[in-house]
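Enquirer: Here is what each chain is made of, one letter per residue.
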Amino acid sequence: DQQVKQNSPSLSVQEGRISILNCDYTNSMFDYFLWYKKYPAEGPTFLISISSIKDKNEDGRFTVFLNKSAKHLSLHIVPSQPGDSAVYFCAASEGGNKLVFGAGTILRVKS
Amino acid sequence: SQTIHQWPATLVQPVGSPLSLECTVEGTSNPNLYWYRQAAGRGLQLLFYSVGIGQISSEVPQNLSASRPQDRQFILSSKKLLLSDSGFYLCAWSVGVGGADTQYFGPGTRLTVL
Numbered sequence: 094d095q096q097v098k099q100n101s102p103s104l105s106v107q108e109g110r111i112s113i114l115n116c117d118y119t120n121s122m123f124d125y126f127l128w129y130k131k132y133p134a135e136g137p138t139f140l141i142s143i144s145s146i147k148d149k150n151e152d153g154r155f156t157v158f159l160n161k162s163a164k165h166l167s168l169h170i171v172p173s174q175p176g177d178s179a180v181y182f183c184a185a186s187e188g189g190n191k192l193v194f195g196a197g198t199i200l201r202v203k204s
Numbered sequence: 011s012q013t014i015h016q017w018p019a020t021l022v023q024p025v026g027s028p029l030s031l032e033c034t035v036e037g038t039s040n041p042n043l044y045w046y047r048q049a050a051g052r053g054l055q056l057l058f059y060s061v062g063i064g065q066i067s068s069e070v071p072q073n074l075s076a077s078r079p080q081d082r083q084f085i086l087s088s089k090k091l092l093l094s095d096s097g098f099y100l101c102a103w104s105v106g107v108g109g110a111d112t113q114y115f116g117p118g119t120r121l122t123v124l
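Heads up: the protein sequence lines correspond to chains Z and S, in order.
Counting the first sequence from 1 gives a position; the working numbering is that position plus 93.
Counting the second sequence from 1 gives a position; the working numbering is that position plus 10.
Looking at chain Z on its own, in the form it has when it is part of the complex (with noise of 0.2 Å):
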C-alpha cells in the first residue's frame, strides 16, 4: 500500500526553466510533508518542508505547495540549475516521526 507516490520516474528540464516535481498522497491525516534530494551514493539532504496548515512555503529558488482537498503536493524549482539534477524524495508524516517516502524523481537539468 503505496501512501506517498511520485509517479514519475524521471523529468528533464532546460536550464533556467522551471522544474515541477509532484507528489500524491492517500492518507488524509498526513499533517507534514518534506522533499528531499538525493545525489548518487550520498544520504538524502532536506530541502524543504509544509505543514498541513499551510498551503505554501517558499524557500529562494524552491517553492513547496499543498493542495490538501486533492492531497497532492509539489515542489517548483525557478530557475533549474545543473546542479539541481539529482533524485527528489517527498515524504509525509502523521502526527510523529515517521516518515513515509515515495519512490523518487529523477531529475535532469539540460545545460
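Note that these hints are calculated values from the structure, not bench results.
Please note that the accuracy of each hint is not assured.
Unchecked claim - FRET-style restraints, in silico, Cβ to Cβ:
1) Pro172(Z) x Gly64(S): 43 to 51 Å
2) Gln12(S) x Gln107(Z): 47 to 55 Å
3) Lys90(S) x Glu135(Z): 27 to 35 Å
4) Ser144(Z) x Asn40(S): 21 to 29 Å
5) Gln12(S) x Asn160(Z): 28 to 36 Å
6) Gln72(S) x Lys98(Z): 35 to 43 Å
Said to hold, decoys possible - A short list of chain Z residues far from chain S (calculated; beta carbon distances all over 10 Å):
7) Glu108
8) Tyr125
9) Asp152
10) Lys191
11) Gly197
Cβ coordinates follow ideal geometry from the N, Cα and C atoms, glycine included.
Since chain Z is already given, all that's left is putting chain S on it; use the hints.
Expert: Okay, now just chain S, sitting in the frame of chain Z:
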C-alpha cells in the same frame, strides 16, 4: 552544529555472514534515530526507529535487528546476511516529540551481499 556519521561507507559480505553497521550523531542530545534501506531504484523504507536508549521499534519484519547502546549511537545488525539484504542503508536523526519533525540523513552505507 549537528553531524551524523555512518561507517563503513561500503561493504561486501558473503551470504550467511554477520553484519554490524554503526551510526553516531554529534551536537545534539536525545535524538530520535532511524535506519532506512533504499533498494536499487526504490524509495526509502523505514526499518527501525528509536526514541531513546534501549527503545527500538521495528517497522518491517526481516533478517535485521537494531540496538541503541548509547544516546547518540545506533547499530544495525544481522546474524546471517541474505542476498536480499543488499542495498543502501541510511541512518537519520531528528529532534522533537511529534508534529513537524524533520529528519537529517547520514552519508549511507552501500552493502553488497554475494
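Enquirer: All the hints need checking, so say for each whether the structure fits it.
Expert: A quick look at each hint next to the structure:
1. Pro172(Z) x Gly64(S): 43 to 51 Å: Given about 49 Å between the Cβ atoms, the range holds.
2. Gln12(S) x Gln107(Z): 47 to 55 Å: Since the Cβ atoms of Gln12(S) and Gln107(Z) sit about 37 Å apart, the hinted range of 47 to 55 Å is violated.
3. Lys90(S) x Glu135(Z): 27 to 35 Å: Cβ of Lys90(S) to Cβ of Glu135(Z): about 29 Å, so the range 27 to 35 Å holds.
4. Ser144(Z) x Asn40(S): 21 to 29 Å: holds, 23 Å
5. Gln12(S) x Asn160(Z): 28 to 36 Å: Since the Cβ atoms of Gln12(S) and Asn160(Z) sit about 33 Å apart, the hinted range of 28 to 36 Å holds.
6. Gln72(S) x Lys98(Z): 35 to 43 Å: violated, 23 Å
7. Glu108: holds, 26 Å
8. Tyr125: The claim breaks: Tyr125(Z) does not keep its Cβ more than 10 Å from every Cβ of chain S (closest is about 5 Å).
9. Asp152: holds, 13 Å
10. Lys191: Violated: least Cβ distance 6 Å, not greater than 10 Å.
11. Gly197: violated, 6 Å
Checked against the numbered hints above, the structure breaks hints 2, 6, 8, 10 and 11 and satisfies the rest.
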